Structures are given as C-alpha cells and as structure tokens.
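Below, each chain spelled out in residue letters.
Protein chains: 2
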Amino acid sequence: MADLYRILPGFGDVEAAAARLGGWSVRTPLLEAHKLGARLGYRLFVKAECLQRTGSFKFRGAFNRLSAMSEAERRRGVVAFSSGNHAQGVACAAELLGIRAAIVMPADAPRIKIENTRGYGAEVVLYDRITQSREDIADRLVAERGATLIRPFDDPLIVAGQGTTAIEAIEDAATLGIAFDVLAAPASGGGLIAGCALAGAALSPKTRVYTVEPAGLDDHARSLRAGHRVGHAPDAHSICDALQATMPGEITFAINRRLLAGGLVVSDDEVRAAMRVAFTELKLVLEPSGAAALAAALAGRIPGPPSAVCVIASGGNVDAAFFTQVLGD
Amino acid sequence: MADLYRILPGFGDVEAAAARLGGWSVRTPLLEAHKLGARLGYRLFVKAECLQRTGSFKFRGAFNRLSAMSEAERRRGVVAFSSGNHAQGVACAAELLGIRAAIVMPADAPRIKIENTRGYGAEVVLYDRITQSREDIADRLVAERGATLIRPFDDPLIVAGQGTTAIEAIEDAATLGIAFDVLAAPASGGGLIAGCALAGAALSPKTRVYTVEPAGLDDHARSLRAGHRVGHAPDAHSICDALQATMPGEITFAINRRLLAGGLVVSDDEVRAAMRVAFTELKLVLEPSGAAALAAALAGRIPGPPSAVCVIASGGNVDAAFFTQVLGD
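Chains as they are written, first to last, in my numbering: chain Z, 1 to 329; chain A, 330 to 658.
For the record, the hints were derived by calculation from the structure and aren't laboratory data.
As the structure is a computational prediction, the values presented were derived from the model and not from experiment.
Heads up, some of the hints might be wrong.
What the hints assert, rightly or not - Examples of chain Z residues toward chain A, derived with CB under 7 Å:
#: 1; residue: G12
#: 2; residue: L30
#: 3; residue: K283
#: 4; residue: V285
#: 5; residue: G300
#: 6; residue: G316
#: 7; residue: T324
As the list claims (entries may be wrong) - Residues from chain Z that keep clear of chain A, each with C-beta distances beyond 12 Å, as calculated:
#: 8; residue: R53
#: 9; residue: G55
#: 10; residue: E123
#: 11; residue: V142
#: 12; residue: A233
#: 13; residue: A236
#: 14; residue: T246
#: 15; residue: S307
As the list claims (entries may be wrong) - Distance windows between CB atoms, simulated:
#: 16; chain 1: Z; residue 1: G37; chain 2: A; residue 2: R440; range: 40 to 46 Å
#: 17; chain 1: A; residue 1: G506; chain 2: Z; residue 2: G177; range: 40 to 46 Å
#: 18; chain 1: Z; residue 1: E135; chain 2: A; residue 2: G450; range: 52 to 58 Å
#: 19; chain 1: A; residue 1: I336; chain 2: Z; residue 2: R27; range: 35 to 41 Å
Just so you know, even glycine gets a beta-carbon here, dropped at the ideal spot from N, CA and C.
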C-alpha cells in the first residue's frame with residue numbers, strides 16, 4: 001500500500017468518480033426538513049444516502065474502486081472485511097461488474113447486512129470478533145486466490161467515490177440558490193467525510209465540514225484536536241455499529257486534518273431520538289450510524305449560528321427488531 | 330358545486346398546477362427498486378410521495394386549490410374534513426399562504442395525523458365517526474365563517490394538483506430513456522389517480538394506469554367494471570385508513586372511466602408485506618395506504634408482462650405503534 005500513500009486523492013479524483021458512477025449509483029435526493037429547520041432556526045437539508053443502492057453511501061466508493069481494476073485483477077476476485085455496509089457496497093459493485101467477492105463479516109453483524117451481502121451473490125465468511133482476526137482471514141483469502149483486498153476507507157479511490165455524495169448535495173443546493181454553512185457526516189475510518197471535504201473545498205469553500213461520532217468512539221474529534229491520529233477509548237461502545245473503526249485512516253486523516261472544521265459528538269440517546277424523528281417527520285428508515293449527523297443537528301450541536309446545514313443520512317440498514325425497540329423508547 | 334361539474338380538468342390544468350407548486354412542493358424522487366425489479370422481472374420504480382411535504386401527495390392538490398382563492402376568500406378561511414392526509418395537506422398549504430384553517434377529523438384517526446395537522450397551526454375539530462356527521466360539522470363551520478370548503482378529491486383543482494405527481498415521474502423516467510408500461514396508484518375518492526391519468530394520457534399515452542384498492546374497499550374496481558359509480562361493501566374494512574371513501578367521486582370518475590385501464594385489488598396482508606419490504610429494501614416509511622400500489626406489484630398483480638412499472642408510494646403517515654406491529658408480523 002506504500003505507493004498509494006504517496007498520492008492523496010484530490011477533487012479531480014472525486015470528479016472522475018462521479019463520472020464512473022453515472023448511471024450506476026443513485027443520485028440520492030437532498031430533502032429539506034422544513035419543520036425541523038423551522039424549529040432549529042436554519043434551513044436543514046438531509047442528503048438521503050439511505051436511498052442509495054445497498055442502503056448506504058458505501059456503494060459509491062466500492063464501485064469506484066472496483067471499476068478501476070484491470071481485467072486480470074477482476075478475474076481473481078475481491079476480498080473485503082466489514083461489519084456490513086462496506087460489505088454490501090463491495091458485494092453489489094462486484095455483482096454489477098461480474099467480479100467474484102468474498103466478504104469477511106463478524107458473526108454478530110446486523111442480520112439484514114449479512115443477508116443482503118449474500119443476496120448480492122457474495123461469499124460471506126463469518127468470524128468471531130473476540131477470538132478471530134478479520135485481517136488474518138482476509139489476508140489468507142487474498143494469498144490463496146490472488147484476490148484484491150478492498151479496504152473500507154484508506155484507499156484514494158474509495159475516498160473519491162464517497163465524495164460524490166457531497167458533489168450532488170452541493171449542486172442540488174446551488175440550484176436552490178443555497179450554499180451550505182455547514183456539512184456534517186458520520187465518521188468511522190473517515191472516508192466519507194474526507195471525500196466530502198475534497199468536494200466542499202473545491203465547490204463550496206465557505207462550507208465548514210464536520211465529522212459526527214458517537215460519544216466514546218470520537219477518535220476523529222480527538223485526532224483533529226491533537227493534530228495527529230489518536231484512537232478512541234478501548235472500552236467504548238455505541239449502538240452505531242458502522243462507526244466502530246478504532247482510529248482515523250492514514251489517507252483520510254491526511255485530508256481531514258487539513259480540511260475539516262472539527263468533530264462533533266452525539267450520545268446514543270440522541271441517535272435514537274434522531275432515528276425516531278427520521279421515522280416520524282422524514283419518512284426515512286435510518287440505521288443508528290446513519291442518524292448520527294441528524295442527531296448532531298437536533299441536539300443543537302451544529303456550530304454557528306448557521307443559516308443552511310446539510311447532514312448526510314449515510315445509511316438505513318437496520319434490523320426490524322432493533323428499529324422497533326428504538327421506536328418504542 | 331354544480332358549476333364545477335360542467336368543467337372537468339384537463340392536462341392544461343395539471344400543467345398549471347405544476348407551475349403553481351414550483352418551489353413549494355417537493356419534487357419527490359423516482360427511486361428504482363433494483364432488487365425487487367430483478368425478482369419481478371421488470372424495472373420497478375417507486376415515486377416516493379411519502380417524502381412530500383406533510384408526508385403525502387395531498388399537499389399538492391391542497392396547495393393548488395388554496396392558491397386559486399381570491400383575497401376575500403382567503404380572509405374568511407378554509408374548512409376541510411379528512412381522516413388525516415388531506416387534513417395535513419390543507420393545514421400546511423393554509424399555513425404557507427397565511428390562511429386560517431379548520432379541519433374536521435375523526436377522533437380515531439392516527440395520532441400522528443392529528444398532531445401534525447395541529448402542528449401546521451390548524452384548528453382541529455374532532456368528531457365521533459359513529460354518532461356524528463363530519464359533513465354537518467363542516468357545513469356549520471362554513472356557514473358560520475363564510476369559509477371555503479376544501480373537498481378532498483371531487484374538485485378540479487385538487488385533481489390537477491395531484492396529477493403533478495405523474496408529470497414528475499414520467500419526466501424523470503424519460504431522462505432514463507424509459508416510458509412506463511404501467512402506472513399504479515392507490516385510490517380512495519380517486520383524485521390522485523385521475524390527475525395522474527390526465528398526465529399519463531398527455532405525456533405517455535401508452536402507459537396503462539390502474540387504481541389499487543384494498544379488498545372490500547374496491548369501489549373503483551367495481552365501478553370501472555360496471556361503467557358507472559358503485560360503492561364498496563358497506564361492512565368492509567381495511568388497515569388502509571386513507572382509502573375509506575365509499576364511492577368514487579363524480580368528477581374523478583368522469584375522468585377515470587375514460588382513461589383508466591382497470592382496478593387492482595390487494596389484501597391487508599399484502600399491504601403489510603409491502604410495508605415491510607419498503608422498510609427493509611427501500612428504507613422508506615410507508616403507511617398502509619401508501620404501500621398499496623407497491624403491494625400490487627409485489628403480489629404479482631400488475632397486468633403484463635410489463636417491462637417498466639411505476640408505483641406511487643402515496644404517503645408515510647403511520648403511528649410508530651402500528652408500524653412496529655407490522656414489522657413484527
């Protein structure tokens with residue numbers, strides 16, 4: 001991977017990704033939350049990536065990454081490890097491009113994510129998070145098959161693909177005559193926010209871009225304050241199953257430390273409340289991680305006072321049983 | 330109302346409504362359901378009107394109707410009766426236009442619909458469906474205040490407003506190079522389907538347009554077969570609380586008998602299954618009535634074989650308790 005580190009992606013890579021994704025990814029709607037915005041005192045827009053193929057933004061990066069593979073690489077297949085959304089993104093992109101995919105997933109991942117990954121025709125290899133190393137399992141598959149490992153975030157093509165989300169949001173806002181003061185998105189490894197920051201810097205330079213993380217898993221917020229990568233508390237946990245990466249990526253942080261305005265933090269209870277509001281007022285199904293940025297807005301955490309804010313609702317892959325529990329809170 | 334009967338709305342009225350709604354209504358996304366379509370053997374598109382202002386298409390007709398009122402009429406306010414979605418549509422349009430609204434609603438309407446109607450600043454007058462007549466209550470308010478009664482469907486401007494839904498869907502499909510073989514939408518009084526049929530006849534004349542109704546409440550299907558308006562079975566009931574009108578409207582049926590291809594029927598269990606699929610695969614919150622057309626597709630009821638089908642997901646105003654019950658089925 002050393003060669004990749006030499007070249008950080010730039011906005012040109014995000015534009016190239018947008019061209020590759022054209023006709024494949026969904027141009028998800030930018031929805032204005034009129035009532036919520038009136039309550040908060042600014043115009044609030046939700047970029048509904050839960051409506052993306054596979055139910056999360058991860059399809060964008062995965063498709064962009066797999067599209068760049070040579071014919072010879074494609075024949076040997078891809079391997080990925082993921083608790084769920086990257087898994088589905090890679091599996092779906094692989095199916096569309098006719099590439100064999102093996103996905104290493106924790107046995108306790110949300111059932112819907114495991115089933116959907118299989119539904120895209122991928123081979124799912126389950127592992128025990130306590131006793132097994134997903135990296136070891138993936139490395140073995142890569143070695144055995146000559147397959148390409150598709151990293152979840154620390155890859156220039158993945159970052160560039162995720163950044164297409166912000167290109168669309170900024171373009172759609174511009175047609176309304178609006179430039180966002182703030183764009184906020186959840187961060188795990190930081191691929192989505194890094195790609196969005198590249199798009200923001202190029203297309204909407206006055207927009208301040210923030211990560212949103214669950215309390216305890218706030219390694220981006222800590223790293224941005226420290227000026228270098230630090231991990232989150234080792235015993236931290238959250239209902240946000242897609243935001244568990246222990247430390248920002250190297251590539252992603254190299255972008256984020258330069259371009260982000262800061263890191264916001266939300267509690268699990270605030271995330272649950274945002275999931276309920278998404279159900280009641282927006283008619284969107286959001287998974288916990290997908291509701292984190294909305295939660296930051298609803299909890300009054302957006303620095304400002306802003307006049308127009310975009311929150312990325314990054315995914316909607318949540319089991320019915322858990323969703324039911326949240327609605328009943 | 331006799332003067333209204335003389336003039337049925339035409340496509341020009343739908344186009345005029347689209348111009349009036351510009352900048353006020355949401356241009357809701359046309360979402361392709363890739364996985365469901367692959368399973369069904371045709372391209373399936375969902376027009377997500379649950380993402381409309383107020384959570385249903387009813388805002389379109391209401392805003393179009395209220396926009397046409399004179400200044401003198403506006404000062405005297407509006408009155409409507411509705412189990413919920415028309416109520417919210419009128420209340421929201423009235424708030425945006427600065428018009429006082431009184432809405433007569435059954436006391437057993439979904440709580441979310443009552444609360445939201447109040448949330449738009451409307452006065453809500455609750456009545457008992459067994460012992461009271463909503464028409465009498467509304468007539469009294471109209472007489473007392475000189476207010477304008479906003480009918481839920483049998484009004485040319487309401488029909489024209491609802492038809493803007495189909496203009497958008499047909500335009501968005503055209504940008505993909507697609508013309509729908511079939512467009513299906515739920516019907517209660519028939520305003521949505523009549524407006525869509527006008528748009529379809531003008532913009533996509535080969536598209537066959539069908540109503541979808543719950544079993545037992547299939548007065549459109551029966552009326553289309555009979556060639557004249559007949560009511561549904563008096564003791565019929567369904568979970569589709571927004572599809573309870575006992576007979577097609579006069580204006581709407583005059584259009585529908587001429588332009589529709591027929592009426593489809595779904596069971597409550599099929600509607601529940603469609604709500605679950607919308608949750609799992611589309612990440613959309615649909616109320617029972619809003620899931621009826623999707624249910625027809627999933628149950629294999631679309632006549633064909635079609636190659637491209639649009640189902641209108643007409644609304645998403647459903648209480649959390651009921652939604653939870655459906656997810657647990």
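(Q) Does the beta carbon distance between A/G506 and Z/G177 stay inside 40 to 46 Å, or does it fall outside? (A) The hinted range 40 to 46 Å is violated for A/G506 and Z/G177, with Cβ atoms some 30 Å apart.
(Q) Please verify that the nearest CB of chain A lies beyond 12 Å from Z/E123's CB. (A) The claim stands: Z/E123 keeps its Cβ more than 12 Å from every Cβ of chain A (closest is about 19 Å).
Q | Whether Z/T246 stays farther than 12 Å from all C-beta atoms of chain A, as the label says | A | Given that every Cβ of chain A is farther than 12 Å from that of Z/T246, nearest at about 28 Å, it holds.
Q.
A closest beta-carbon separation below 7 Å is what the hint needs, so does Z/G316 meet it against chain A?
A. 3 Å, holds
Q.
Would the hint on Z/G300 be counted as holding, given a Cβ-Cβ threshold of 7 Å to chain A?
A. Hint on Z/G300: violated, closest Cβ of chain A at ~20 Å, above 7 Å.
Q) Can the suggested window of 52 to 58 Å be confirmed for the beta-carbon pair Z/E135 and A/G450? A) About 57 Å separates the Cβ atoms of Z/E135 and A/G450, which means 52 to 58 Å holds.
Q. Hint check: is the beta carbon of Z/K283 less than 7 Å from a beta carbon of chain A?
A. 3 Å, holds
(Q) Hint validation: Z/V285 versus chain A, beta carbon distance must be below 7 Å. Holds or violated? (A) 4 Å, holds
Q: State, for the Cβ atoms of A/I336 and Z/R27, whether the hinted interval 35 to 41 Å holds or is violated.
A: Distance hint for A/I336, Z/R27 holds at roughly 39 Å.
Q) So is Z/S307 really clear of chain A, every C-beta pair being over 12 Å apart? A) 18 Å, holds
Q. Does the interface hint hold: is Z/L30 within less than 7 Å of chain A, judged Cβ to Cβ?
A. Violated: closest Cβ of chain A sits about 10 Å from Z/L30, beyond 7 Å.
Q: Verify that the Cβ of Z/G55 lies farther than 12 Å from every Cβ atom of chain A, and report whether the claim holds or is violated.
A: 6 Å, violated
The structure is inconsistent with the numbered hints 1, 2, 5, 8, 9, 16, 17, although it conforms to all the rest.
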